[in-house]
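There are 2 protein chains.
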Amino acid sequence: MKTLFTMLLVLLCTGIARAAIHTETVEYKHGDTTLEGFVAYDDSLKSARPGVLIVHQWKGLTDYEKKRAEMLAQLGYVAFAADIYGKGVRPKTTEEAGAQAGKFKSNRDLLRARVRAGLDALRKQPQLDPKRIAAIGYCFGGTTVIELARSGADIAGVVSFHGGLDSPKPEDGRNIKCKVLALQGADDPFVPAKDLAAFEDEMRNAGVDWQLIKYGGAVHSFTDWDAGSLNLKGAAYNEKADKRSWEHMKLFFGEIFR
Amino acid sequence: MKTLFTMLLVLLCTGIARAAIHTETVEYKHGDTTLEGFVAYDDSLKSARPGVLIVHQWKGLTDYEKKRAEMLAQLGYVAFAADIYGKGVRPKTTEEAGAQAGKFKSNRDLLRARVRAGLDALRKQPQLDPKRIAAIGYCFGGTTVIELARSGADIAGVVSFHGGLDSPKPEDGRNIKCKVLALQGADDPFVPAKDLAAFEDEMRNAGVDWQLIKYGGAVHSFTDWDAGSLNLKGAAYNEKADKRSWEHMKLFFGEIFR
Chain A
19 MKTLFTMLLV LLCTGIARAA IHTETVEYKH GDTTLEGFVA YDDSLKSARP
69 GVLIVHQWKG LTDYEKKRAE MLAQLGYVAF AADIYGKGVR PKTTEEAGAQ
119 AGKFKSNRDL LRARVRAGLD ALRKQPQLDP KRIAAIGYCF GGTTVIELAR
169 SGADIAGVVS FHGGLDSPKP EDGRNIKCKV LALQGADDPF VPAKDLAAFE
219 DEMRNAGVDW QLIKYGGAVH SFTDWDAGSL NLKGAAYNEK ADKRSWEHMK
269 LFFGEIFR
Chain B
19 MKTLFTMLLV LLCTGIARAA IHTETVEYKH GDTTLEGFVA YDDSLKSARP
69 GVLIVHQWKG LTDYEKKRAE MLAQLGYVAF AADIYGKGVR PKTTEEAGAQ
119 AGKFKSNRDL LRARVRAGLD ALRKQPQLDP KRIAAIGYCF GGTTVIELAR
169 SGADIAGVVS FHGGLDSPKP EDGRNIKCKV LALQGADDPF VPAKDLAAFE
219 DEMRNAGVDW QLIKYGGAVH SFTDWDAGSL NLKGAAYNEK ADKRSWEHMK
269 LFFGEIFR
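Note that the protein sequences, when read in sequence, are chains A and B. Our numbering applies: residue 19 is where the first sequence begins, and numbers increase by one. Our numbering applies: residue 19 is where the second sequence begins, and numbers increase by one.
Worth flagging that the hints you see were computed from the coordinates, not collected in a lab. Please note: incorrect hints may appear among the correct ones.
For chains that are exact copies, the list does not tell them apart, and a pair is met inside one copy or across any two.
The list that follows gives simulated cross-link-like pairs (lysine-lysine, BS3-like), each with its CA atoms no further than 27 Å apart [to be verified]:
hint: 1; residue 1: Lys-187; residue 2: Lys-268
hint: 2; residue 1: Lys-258; residue 2: Lys-268
hint: 3; residue 1: Lys-142; residue 2: Lys-105
hint: 4; residue 1: Lys-110; residue 2: Lys-121
hint: 5; residue 1: Lys-195; residue 2: Lys-123
Using the sequences provided together with the hints, build the complete structure.
This is the structure:
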């Protein structure tokens with residue numbers, strides 16, 4: 019028995035050593051606007067696999083989202099980190115980030131169109147199983163993937179990590195066809211109780227298949243390694259909540275990609 | 019490779035066939051009161067293992083909790099379904115159930131003492147790894163395991179399934195040493211928003227490591243196979259929420275029993 023397990027272990031380790039994550043910058047278009055996304059997948063796998071669209075935080079597509087794409091590729095998915103703002107639009111300051119995020123949050127139709135352009139780009143990946151697609155997003159990206167769901171996108175599910183959940187048109191909840199998982203810091207000052215209550219009502223009234231998880235002690239940006247550790251500022255990394263939310267996402271994927 | 023997997027499969031199946039869940043009724047005492055619990059474990063396993071205390075719904079210890087104990091035994095835990103009410107006290111009607119549950123919910127000291135008697139009975143199981151103990155409870159039992167935590171019990175974690183979360187002494191949250199996971203139906207009319215908000219404040223103010231999960235479309239009793247399917251009555255089985263909450267519990271155990 020012991021020998022058998024040792025043999026298996028060796029075979030598995032050889033397999034892991036062979037696994038190579040391919041990453042690549044991908045230009046794509048929304049109308050006349052050029053967008054610059056990022057794809058990651060394990061090119062040692064040969065079969066079609068589920069795809070995960072990743073939508074960035076308010077500073078645009080950064081190394082953070084690229085790292086998440088690689089982590090998803092290691093799980094066996096084809097991951098595509100979308101670019102909502104446009105090629106080269108990568109805010110350096112919070113003021114610039116606020117201006118860019120505000121531009122899209124105040125124009126949800128534009129936001130939906132941009133994220134759907136990203137979804138189309140993911141759909142072009144040859145490794146993709148087109149029947150198994152999800153979208154995840156962080157902060158501004160969390161808001162964005164919920165808007166993608168509200169646009170009626172034909173995907174399996176969306177996961178919002180510390181996203182703003184407010185909607186200027188709550189009746190659009192009725193367009194949602196996919197499953198929704200919202201992961202929130204219980205002490206997030208940027209997503210107040212009234213927004214959570216409105217989100218719950220939107221989901222409830224529309225009969226959506228939804229779940230909400232609150233992580234005690236976590237504030238905004240709890241998954242962002244670069245957010246510091248000062249809860250007092252209202253945005254901070256929280257290792258426990260980060261790891262738990264990643265596991266909750268994996269469990270959700272296990273269900274929707276079955 | 020294929021041969022190896024076949025061999026492994028045969029070995030695993032042989033193992034599964036050998037696995038035998040031992041179950042047994044266990045009498046134990048709280049003062050002069052005799053209580054009648056139920057233990058389940060896999061007696062093909064030889065090593066010490068984590069223990070899970072299970073606390074029943076308002077009708078007392080029934081086949082429902084015994085089935086959950088067997089399910090936990092199949093996961094490799096030693097499971098002990100406690101008896102809070104006393105040997106032979108098994109309410110048949112909702113009136114009787116309400117009276118029994120009310121007696122303990124209005125006397126939290128008595129409730130804590132009774133559940134601690136169950137915990138002591140679990141601690142006597144020879145298969146137990148005493149450093150890895152959790153408690154789960156359903157409905158009245160959910161309330162009870164949170165009270166167990168509020169009593170300062172030295173265990174790893176508690177999981178409440180559709181439990182009432184109110185507390186007559188919110189300051190007792192400060193006694194909590196273990197991790198807390200509360201699993202709620204988002205449409206549960208028996209656990210109103212104000213109770214959830216008070217629970218969150220209790221956990222927050224006490225600095226507890228806590229998580230709350232809300233299942234959209236689920237009402238009270240969502241894990242109870244015998245609760246019917248009529249959401250309108252405020253209590254109904256919900257297969258999705260049942261399965262998801264069980265997986266969330268397993269994930270929580272994976273973390274706290276590491």
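Structure-based check of all given hints:
no., hint, in the structure
1, Lys-187 to Lys-268, "neither (30 Å within a copy, 37 Å between copies)"
2, Lys-258 to Lys-268, "both (15 Å within a copy, 17 Å between copies)"
3, Lys-142 to Lys-105, "within (19 Å within a copy, 65 Å between copies)"
4, Lys-110 to Lys-121, "within (16 Å within a copy, 61 Å between copies)"
5, Lys-195 to Lys-123, "within (22 Å within a copy, 42 Å between copies)"
Taken one by one, the earlier hints fail for this structure only at number 1.
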